[in-house]
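S.K.: Kindly produce the complete structure, drawing on both the sequences and the hints.
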Amino acid sequence: MSQKIDVASSALAFLGFGLFVAGLQSHGEALGRMLATVAGCGILAVFCMRQLRSRDPLIDVRMLPFSRLGACSLSLVVGSACYTGSVFLFSVQSDSLLSILPVSVLALWVSLGGFAFHKLQSRFSPVHMLQVSLAACALGLVVAAFVGLWPASFLIGLGVGVSMASGDAYLLGSVPPKDVARAAALQETSLAVGAALGVAGFGGIFAATGSVAGTSVIAAVLVVTVVWALRFNRGVITA
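Taking this note's numbering, I'd label the letters of the sequence shown as residues 15 to 253.
Treat the hints as calculated values from the structure; they're not laboratory data.
Positions of the beta carbon are idealized from the N, C-alpha and C atoms, including for glycine.
There's no promise every hint is true.
Derived DEER-like restraints, expressed as beta-carbon distance ranges [to be verified]:
#1 Phe129 x Leu66: 37 to 45 angstroms
#2 Trp164 x Lys133: 21 to 29 angstroms
#3 Ser225 x Val52: 21 to 29 angstroms
#4 Gly224 x Leu66: 37 to 45 angstroms
M.R.: Printed below as a string of structure tokens:
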């Protein structure tokens with residue numbers, strides 16, 4: 015049982031992540047935003063070192079080695095970022111009530127993706143499920159750039175739904191019962207980080223490029239990079 019609240023770690027996490035996300039925002043001078051991002055990364059590094067030494071960490075970063083739960087957590091971060099980032103991009107492109115409808119049905123496709131995961135998980139390996147779902151997100155971003163929002167919303171929503179459902183199931187299912195509470199804290203943190211990075215990251219790229227299509231393509235390339243990196247996972251992931 016926790017004996018006390020680690021105020022110092024809470025303050026480090028709040029300040030570090032706040033500066034990191036603020037640096038990604040599209041407002042303010044470029045130098046100031048860059049310094050905020052670097053400072054945020056440095057403070058987060060101090061936070062992680064403190065968590066590694068703590069007997070009762072806020073977020074057990076020792077559970078994050080890529081061979082264990084890192085792949086699941088990374089999938090949750092990227093999936094959540096794709097969702098909030100896509101809502102941002104779709105909203106930028108919308109100039110009428112009809113054009114905002116793809117944003118409205120995006121949540122429906124996410125729900126469909128969660129349903130599809132439970133139908134497909136017995137047919138594919140965990141890592142392949144994570145890779146294919148994120149690849150669908152990347153394809154949806156490319157479709158949003160060059161084809162249209164309706165097919166893009168379906169692909170992104172389906173990919174996000176599968177990636178988040180699989181990330182949740184594999185992250186919580188890959189730990190013994192005594193570690194489920196710590197894994198759940200990691201799960202919620204991953205989702206929150208992804209949600210913030212989606213808006214701030216997509217917004218920052220859009221501010222730099224001034225193009226929805228360019229932002230979508232750059233984001234798709236970043237997602238594909240994560241898909242490629244997942245192939246190096248060597249851990250045993252179960253649901």
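S.K.: Go through the numbered hints given earlier and state which of them the structure violates, listing their numbers in rising order.
M.R.: When the structure is compared with the hints, none of them turns out to be violated.
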